[in-house]
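Residue numbers (my numbering), protein chains in the order written: chain A, 1 to 479; chain B, 1 to 479.
In short, the hints are calculated from the structure, not lab data.
The structure displayed is predicted, hence computed values, not measured ones.
A couple of the hints might just be wrong.
Quick look at which bits of chain A chain B covers, simulated, 3 or more residues with Cβ under 8 Å [claimed, not checked]:
id, region
1, 16-27
2, 35-49
3, 170-176
4, 238-248
5, 439-451
The beta-carbon is built from N, C-alpha and C at its ideal position, and this holds for glycine as well.
There are 2 protein chains.
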Amino acid sequence: MRSIVPPADHEGLDPADWPSTRAQAHRMLDDILDYVENVRERPVWRPAPAAVKAALRQPLPEAPTDLAEVHREFLRLVLPYGAGNVHPGFMGWVHGGGSVAGLLGEMLAAGLNANLGGREQMPVELERQILRWLGPVFGMPEGAGGLFVTGSSMANFMAILVARTGALGPESRRRGLGEARLAAYASRAVHGCLRRGMEMAGLGSDALRLIPLDPEGRMDLGALLAAVRRDRAAGMAPFLVVGTAGTVDTGAVDDLAGIAAVARAEGLWFHVDGALGALAVFAPSLAPRLEGIREADSLALDFHKWGQVPYDAGYLLVRDGALQQRTFAAPEVYLGRADRGLAAGSPWPCDFGPDLSRGFRALKTWFTLKVYGTRRLGAVIEHTCALARYLEARVRADPRLELMAPAALNIVCFRLRGADPDALNRRVVEELHEEGLAAPSTTVLDGRVAIRAAIVNHRTQARDIDALVEAVLRRFLIC
Amino acid sequence: MRSIVPPADHEGLDPADWPSTRAQAHRMLDDILDYVENVRERPVWRPAPAAVKAALRQPLPEAPTDLAEVHREFLRLVLPYGAGNVHPGFMGWVHGGGSVAGLLGEMLAAGLNANLGGREQMPVELERQILRWLGPVFGMPEGAGGLFVTGSSMANFMAILVARTGALGPESRRRGLGEARLAAYASRAVHGCLRRGMEMAGLGSDALRLIPLDPEGRMDLGALLAAVRRDRAAGMAPFLVVGTAGTVDTGAVDDLAGIAAVARAEGLWFHVDGALGALAVFAPSLAPRLEGIREADSLALDFHKWGQVPYDAGYLLVRDGALQQRTFAAPEVYLGRADRGLAAGSPWPCDFGPDLSRGFRALKTWFTLKVYGTRRLGAVIEHTCALARYLEARVRADPRLELMAPAALNIVCFRLRGADPDALNRRVVEELHEEGLAAPSTTVLDGRVAIRAAIVNHRTQARDIDALVEAVLRRFLIC
Numbered sequence: 001m002r003s004i005v006p007p008a009d010h011e012g013l014d015p016a017d018w019p020s021t022r023a024q025a026h027r028m029l030d031d032i033l034d035y036v037e038n039v040r041e042r043p044v045w046r047p048a049p050a051a052v053k054a055a056l057r058q059p060l061p062e063a064p065t066d067l068a069e070v071h072r073e074f075l076r077l078v079l080p081y082g083a084g085n086v087h088p089g090f091m092g093w094v095h096g097g098g099s100v101a102g103l104l105g106e107m108l109a110a111g112l113n114a115n116l117g118g119r120e121q122m123p124v125e126l127e128r129q130i131l132r133w134l135g136p137v138f139g140m141p142e143g144a145g146g147l148f149v150t151g152s153s154m155a156n157f158m159a160i161l162v163a164r165t166g167a168l169g170p171e172s173r174r175r176g177l178g179e180a181r182l183a184a185y186a187s188r189a190v191h192g193c194l195r196r197g198m199e200m201a202g203l204g205s206d207a208l209r210l211i212p213l214d215p216e217g218r219m220d221l222g223a224l225l226a227a228v229r230r231d232r233a234a235g236m237a238p239f240l241v242v243g244t245a246g247t248v249d250t251g252a253v254d255d256l257a258g259i260a261a262v263a264r265a266e267g268l269w270f271h272v273d274g275a276l277g278a279l280a281v282f283a284p285s286l287a288p289r290l291e292g293i294r295e296a297d298s299l300a301l302d303f304h305k306w307g308q309v310p311y312d313a314g315y316l317l318v319r320d321g322a323l324q325q326r327t328f329a330a331p332e333v334y335l336g337r338a339d340r341g342l343a344a345g346s347p348w349p350c351d352f353g354p355d356l357s358r359g360f361r362a363l364k365t366w367f368t369l370k371v372y373g374t375r376r377l378g379a380v381i382e383h384t385c386a387l388a389r390y391l392e393a394r395v396r397a398d399p400r401l402e403l404m405a406p407a408a409l410n411i412v413c414f415r416l417r418g419a420d421p422d423a424l425n426r427r428v429v430e431e432l433h434e435e436g437l438a439a440p441s442t443t444v445l446d447g448r449v450a451i452r453a454a455i456v457n458h459r460t461q462a463r464d465i466d467a468l469v470e471a472v473l474r475r476f477l478i479c
Numbered sequence: 001m002r003s004i005v006p007p008a009d010h011e012g013l014d015p016a017d018w019p020s021t022r023a024q025a026h027r028m029l030d031d032i033l034d035y036v037e038n039v040r041e042r043p044v045w046r047p048a049p050a051a052v053k054a055a056l057r058q059p060l061p062e063a064p065t066d067l068a069e070v071h072r073e074f075l076r077l078v079l080p081y082g083a084g085n086v087h088p089g090f091m092g093w094v095h096g097g098g099s100v101a102g103l104l105g106e107m108l109a110a111g112l113n114a115n116l117g118g119r120e121q122m123p124v125e126l127e128r129q130i131l132r133w134l135g136p137v138f139g140m141p142e143g144a145g146g147l148f149v150t151g152s153s154m155a156n157f158m159a160i161l162v163a164r165t166g167a168l169g170p171e172s173r174r175r176g177l178g179e180a181r182l183a184a185y186a187s188r189a190v191h192g193c194l195r196r197g198m199e200m201a202g203l204g205s206d207a208l209r210l211i212p213l214d215p216e217g218r219m220d221l222g223a224l225l226a227a228v229r230r231d232r233a234a235g236m237a238p239f240l241v242v243g244t245a246g247t248v249d250t251g252a253v254d255d256l257a258g259i260a261a262v263a264r265a266e267g268l269w270f271h272v273d274g275a276l277g278a279l280a281v282f283a284p285s286l287a288p289r290l291e292g293i294r295e296a297d298s299l300a301l302d303f304h305k306w307g308q309v310p311y312d313a314g315y316l317l318v319r320d321g322a323l324q325q326r327t328f329a330a331p332e333v334y335l336g337r338a339d340r341g342l343a344a345g346s347p348w349p350c351d352f353g354p355d356l357s358r359g360f361r362a363l364k365t366w367f368t369l370k371v372y373g374t375r376r377l378g379a380v381i382e383h384t385c386a387l388a389r390y391l392e393a394r395v396r397a398d399p400r401l402e403l404m405a406p407a408a409l410n411i412v413c414f415r416l417r418g419a420d421p422d423a424l425n426r427r428v429v430e431e432l433h434e435e436g437l438a439a440p441s442t443t444v445l446d447g448r449v450a451i452r453a454a455i456v457n458h459r460t461q462a463r464d465i466d467a468l469v470e471a472v473l474r475r476f477l478i479c
């Protein structure tokens with residue numbers, strides 16, 4: 001037999017010169033900490049000049065580039081032109097502000113490079129610890145399932161799938177939907193990802209019945225009950241009702257206890273979309289607003305919003321963890337489990353969701369919960385709601401402004417009065433962005449354009465609210 | 001009108017003492033760089049003692065804990081007990097090794113805290129730059145869609161959805177699947193996430209027809225054609241064929257050009273699952289093996305495997321970006337677009353996939369591609385395949401070992417000969433894990449348990465292969 005020649009050692013990707021790479025790494029850490037520490041000194045947002053965009057358009061890099069040079073490009077082309085949600089003046093959409101503890105937790109996770117799909121490893125155990133913490137907070141029993149995902153869009157979709165398995169049985173995984181005519185229910189203010197979840201699940205968004213709102217923006221429970229019964233009489237199979245803890249447009253919280261009662265009476269799966277509002281459980285003055293959330297069969301929430309964990313860190317809780325497992329688990333031979341070694345520790349996270357490769361979102365969340373504690377996070381949440389009430393009061397007090405919806409939690413919808421107010425307020429928001437002092441977004445309520453300020457960032461103070469109001473009012477004088 | 005009292009400033013979550021927090025951050029960076037630099041000195045893996053697991057089970061933290069103390073807990077309870085995939089001796093499942101450039105890119109992303117769902121911001125532009133780089137490499141035209149996702153499990157699922165929209169039309173989003181009896185095709189060696197994708201999409205895994213393999217582990221094209229025609233004759237609607245560039249068990253690459261021809265002739269969507277193998281395009285000696293990949297209608301791949309980007313960083317390419325947009329985009333009023341300001345820059349990434357909240361996976365990938373360059377990444381990929389051929393040669397040369405499948409790329413399946421070889425080889429792998437010198441996983445080929453070594457890590461050298469072989473052979477002597 002001829003001798004077997006081993007391949008020569010390869011340089012791999014580790015630094016040839018560790019000390020200089022390490023020094024560069026520390027410079028990079030300082031730069032990003034500078035960014036966070038001094039964020040108030042910069043504009044909330046500014047548009048990237050065409051030259052900056054053009055400079056990014058380089059050919060695919062075949063040869064290596066020095067790390068310091070790549071970092072300089074990042075500093076020049078990317079860092080100054082983010083969306084701005086670290087800044088206290090950012091109030092657009094619903095974006096968290098991030099935190100240093102979260103940043104550092106994510107840095108450690110990136111070095112450890114753990115794949116949270118499974119295996120016997122402490123990172124998986126740490127993700128389980130988040131479930132042990134969170135489950136009881138939301139009334140979930142032992143045996144509940146919990147899993148990090150990108151965001152609530154994914155968590156809400158997965159909840160639809162688990163509820164679907166509950167309704168059709170696990171053999172529906174193999175057979176498909178067949179003749180089933182499932183129907184789900186949510187308020188008209190439900191987040192669009194629920195519609196998309198119904199689409200992706202093959203059920204179709206028509207099968208998501210949108211229930212009218214009461215004057216506070218919450219699902220009308222009488223209309224819900226009527227819709228369920230009407231569908232049942234028509235041969236549909238109602239299977240799921242979605243309550244919203246904090247609607248995206250106005251922050252309204254559905255009557256979750258009332259929905260839970262309807263769900264029980266009608267044999268429906270009760271899911272709560274808590275993307276915006278679920279973490280208000282940590283705020284003593286707000287927690288009562290979530291009454292009924294502990295009766296949910298499943299719950300979606302986002303740590304990257306009010307939890308201030310860096311993006312992305314969504315989470316799904318499911319009361320019946322075994323049903324969640326029956327919805328996703330599969331007996332792949334290359335994922336076989338053992339009693340000992342790396343393949344021990346079954347069941348694995350990949351048995352409870354669609355992802356096999358999963359980053360270590362639990363670590364930045366663990367750092368955030370430990371370093372700040374739930375009381376301080378709750379105080380931040382209460383403060384953002386106090387700022388919303390302050391903004392609401394300023395709007396109510398000023399005849400040039402119109403309040404578009406009551407501020408249920410931390411979102412205020414208002415607008416400037418004037419001729420052609422829809423176009424006016426769209427333009428005002430665009431100008432505010434370009435001015436860089438305050439960054440709300442827009443929405444449309446009953447066909448009317450509104451300036452929407454979602455106050456999520458832990459850095460936002462009353463003076464940022466004042467800056468927003470004054471910047472809007474300056475436009476009144478101009479027109 | 002009574003005066004409006006602004007809420008007092010809140011401390012938020014930023015450090016009260018920046019200099020000391022900054023010093024602690026630098027210590028944490030050093031600790032994680034130490035971990036990477038000295039990884040060879042530690043065991044690949046070791047089980048976490050019961051006391052370590054117990055120490056993690058603390059009550060939900062209500063009060064703050066000092067950052068340094070939380071980090072010490074991480075160092076004590078988590079870091080020593082990861083899965084070990086940073087270590088050169090890790091060859092289990094298919095895990096990348098990570099890199100310093102990726103680590104630092106992720107650290108910057110965590111501080112910038114960008115939400116890549118949309119908005120006019122350079123982070124989104126940078127994600128688009130990855131598409132501009134990657135699209136042409138895989139034969140995608142201008143107008144193709146590209147999107148970061150967690151991993152190929154998600155990318156493959158999304159490809160099924162886009163193909164489904166192509167087959168049923170966009171109104172199927174509203175109406176659901178209806179009477180459609182869609183059928184998809186893949187080889188028996190297809191990754192389990194394709195079955196799960198069919199389940200999630202409501203089509204059912206029975207509708208994924210598993211085509212027999214040829215002796216090299218590739219889809220039998222004659223059998224594919226026969227299955228398509230049989231289904232069509234039976235009233236089914238064939239819509240999708242999935243080729244695999246690197247099967248999970250053996251690394252076999254389907255005849256992609258042949259599948260493309262069948263897809264064209266039969267009017268099927270041609271998707272390639274390139275989770276394992278697609279990045280071999282960067283390796284000149286391997287790229288020809290992927291012939292036909294440039295004809296794919298869609299392609300899933302993972303940067304966190306051979307690309308060595310820290311978890312997670314999956315990617316989906318779709319030739320018809322407009323169809324991808326028609327599959328996912330929705331006209332939500334709170335996501336309204338503008339010509340100027342933060343709401344400009346449409347379409348947004350959230351129009352091309354299920355996620356609205358999305359981390360900045362593009363940044364660690366951009367750092368990786370720039371700092372190392374595609375040639376060096378390609379050389380790493382070639383080296384892992386050379387190591388696989390070396391392992392195969394060692395196995396072939398030793399009568400105590402049995403080769404279970406040809407090493408098509410970087411995966412070698414073999415086992416120790418002996419009585420009750422299935423139980424023996426399962427035990428061998430468990431013992432190898434506990435010994436901490438080498439960490440392969442197991443799979444089952446034609447009903448027979450195999451030791452499976454997937455060589456992915458850029459740090460792995462011939463001596464790590466030797467250590468694996470010798471550790472296995474020691475078990476032969478013992479029995």
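Taking the hints in turn, this is what the structure says about them:
1. 16-27: holds (count 5)
2. 35-49: Answer holds; 6 residues pass the 8 Å Cβ test.
3. 170-176: Three-residue rule met by the region 170-176 of chain A, so holds; n is 5.
4. 238-248: violated (count 1)
5. 439-451: holds (count 5)
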